[in-house]
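Novice: Read off the chains here:
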Amino acid sequence: MPLNRITWRDRLRRDRSLLLMTLPAVGLLVVFAYVPMLGNVIAWQDYSPYVGITNSPFVGWDNFVRVFNNPQFLHAVGNTLLITGFQLVFFFPIPIVLALLLNSVVTPTIRTTIQSIIYLPHFFSWVLVVTIFQQIFGGAGLVNRLLAQGGFSGFDLMTNPDTFLLLITSQAVWKDAGWGIIIFLAALATVDPAHYEASAMDGAGRWRRMWHITLPAIRPVIILLLILRLGDALTVGFEQLILQRGAVGAGVAEVIDTYVYYQGVVNGDWAFAAAAGLVKGLVSLALVLGANKLAHVFGEDGVYRKS
Amino acid sequence: MSIQTDVGQGPLSRPDAVPVPAPERAARRDPAPRRRRVSRHRNAWEGRPSPLGQGVKALVLTIVVLIVLVPLYTVVLTSFSTTADVNRSGGMVLIPGDLTIAAYAQILSGGIVTRAAGVSVVVTTVGTILSTVVSVLAAYGLSRPGSLLHRPILFVFLITMFFGAGMIPTYLLVSNLGLIDNLWALILPGAVSAFNVLILRSFFMGIDPAITEAARIDGAGDWRILGRIMMPMSTAVTAVVALFYGVGYFNAFFNAMLYINDNTLWPLQLVLRSYVLQGVTLPGSGTGQVDVATGAVTGLPVKMAIMVLALIPILLVYPFVQRHFTKGVIFGAVKG
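Chains U and V are the protein sequences, given in the same order.
Mapped onto the numbering used here, the consecutive letters of the first sequence carry residue numbers 1 to 307.
Mapped onto the numbering used here, the consecutive letters of the second sequence carry residue numbers 1001 to 1336.
Be aware that one or more of the hints could be misleading.
To be verified - If you only want the chain V side, here are some residues facing chain U, beta carbon under 8 Å, derived:
1) M1167
2) G1178
3) N1182
4) V1192
5) V1197
6) Q1269
7) L1272
It is worth saying that the hints were derived from the structure and are not from the lab.
All figures in this text were calculated on a predicted structure; none of them were measured in a lab.
We treat Cβ as the ideally placed atom computed from N, Cα and C, and that holds for glycine.
Go ahead and model the full structure; you've got the sequences and the hints to work with.
Specialist: Laid out in structure tokens, this is it:
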């Protein structure tokens, strides 16, 4: 490759249209992603919006000390982890089971029809999903009316803190379980039928074939998604939760993101909220990188690898 | 750095559900074998499933489909129902009675819902076009191996995937730029998604270099190669990326909640949240309260009509892009 022998100037002339093409996107990222990253300096300031970042005095680590001594913040962290953990156990397996089920449907027409239907809710906004749930399960909703007609006493699932975890998980399942199967179905499609044939010859039944061939085949994908989910552990359905925080109260619906929003934008404690948000961002980053490291340890490709 | 497992190869290198030609079909010389593809050939070793197993499977899948469809059905039906029918059923309508479009006439007769629908359409259209164009350009710009600075620039994109700046500094920036109560605040902050750029980039990189080389020898520059060769070959992926952007713009409510205070500039999702979910009565809204004299539909049908309004664009685009999902999504999500 003569690449190395071309001078920098020649490469610039050759690639100038490529550089020009990336310019708009890079510009947008610099302004709306990198400048705010620098804006995080207010976490070390006694920030006042009236004097701005340039004139606000620096106060060292005070804001971070306040964040870590704040029981509400710690409560929000606890809630965040609880919700993620709960969804990991009760949401995560559902797409896998659905994909296995759908994969065993032999008629292509039926299979693709069902697929198109269960992908659909993924594209609805959280406002829409929460509203639909309210119309079905709310105090004046469909289920309650039907129960009342049958002579049963009603309940209001939407405002009950005790069942909130269940509620948001079922909303997540309704919205995204169908979408989650795409990747598993793709993995299943790559399994070589010869494996099945060979094992069938050796006398393996339907379930043994699933256990020893199908599941190992999708294992890398399962691990990959599990890791991605772990890396994302501190970001649980922000829009979903902020929509319903009012109805069930902050006790169960406050997560780190909603806490940052209320402290910063609503209460105007900008520096404190920025510090809390920064802590979350850094911990999330560490989780992603750590989870990926873990994947490498287990011999999987993980989210990325150097290429 | 690329998201990579070997599963991504499958659906692309091999078309979905390759039918194994049944021998008897070949013997009969079936005139339209492609259209007659009713059932996948079942291998002998698979055996016939038990009727019980089949029944359970069918039942479970039917229930899954109904769980998705019934809520949508009752929302749509209620939006077309009269107040009388709504009262008779005591809420959401499950059995159709008299159908009417009064609720739609009411919300679309001007007022806040009409304006919100307009705002949503404008933001979604402008945003999707801007994001898609910018992303396609960037993806191609980064996809040529050995080009100047492509690694550091790629790094600039990748960092944004792993570390977000945070809500507070972003809010302060948007506010300092004077974008509060400006619709650009709904578009610009999220206009470029590194993830989508990587989807497109990996697709461009997967196109046989012989094709682009031939074009280059014929004198085509990068702009022409992108426009005449890459774009036509990647419509499926581009459509999926555009859909992701479009759905993002159309569904976003939190940005609007943060940046838009003036309710005449509210997008549909914010109206949906305030009027339908929280039950706030909007001023001067054409979502008017009970009007017995004119027999206008009130309450629930109007709320459901607003919901349907928020559903329609997705239902309209969905059938066209839907068939590209598996291809586009798998390619991006897995190979990134």
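Novice: Taking the closest Cβ pair, is M1167 of chain V under 8 Å from chain U?
Specialist: This interface hint holds because 6 Å falls under the 8 Å limit.
Novice: Should the interface hint for G1178 of chain V be scored as holding, given a Cβ-Cβ cut-off of 8 Å against chain U?
Specialist: 14 Å, violated
Novice: Hint validation: Q1269 of chain V versus chain U, beta carbon distance must be below 8 Å. Holds or violated?
Specialist: For Q1269 of chain V, the interface hint holds, since the closest Cβ of chain U sits about 5 Å away, which is under 8 Å.
Novice: If you take the shortest Cβ to Cβ gap from V1192 of chain V to chain U, is it below 8 Å?
Specialist: 5 Å, holds
Novice: Is the hint on V1197 of chain V kept, meaning its closest Cβ partner in chain U is under 8 Å away?
Specialist: 7 Å, holds
Novice: May I ask you to test the interface hint for N1182 of chain V with respect to chain U, counting a Cβ-Cβ separation under 8 Å as satisfied?
Specialist: 14 Å, violated
Novice: Hey, does the L1272 of chain V contact hint survive, CB to chain U under 8 Å?
Specialist: Hint on L1272 of chain V: holds, closest Cβ of chain U at ~5 Å, below 8 Å.
Consistency note: the structure conflicts with the earlier hints numbered 2 and 3.
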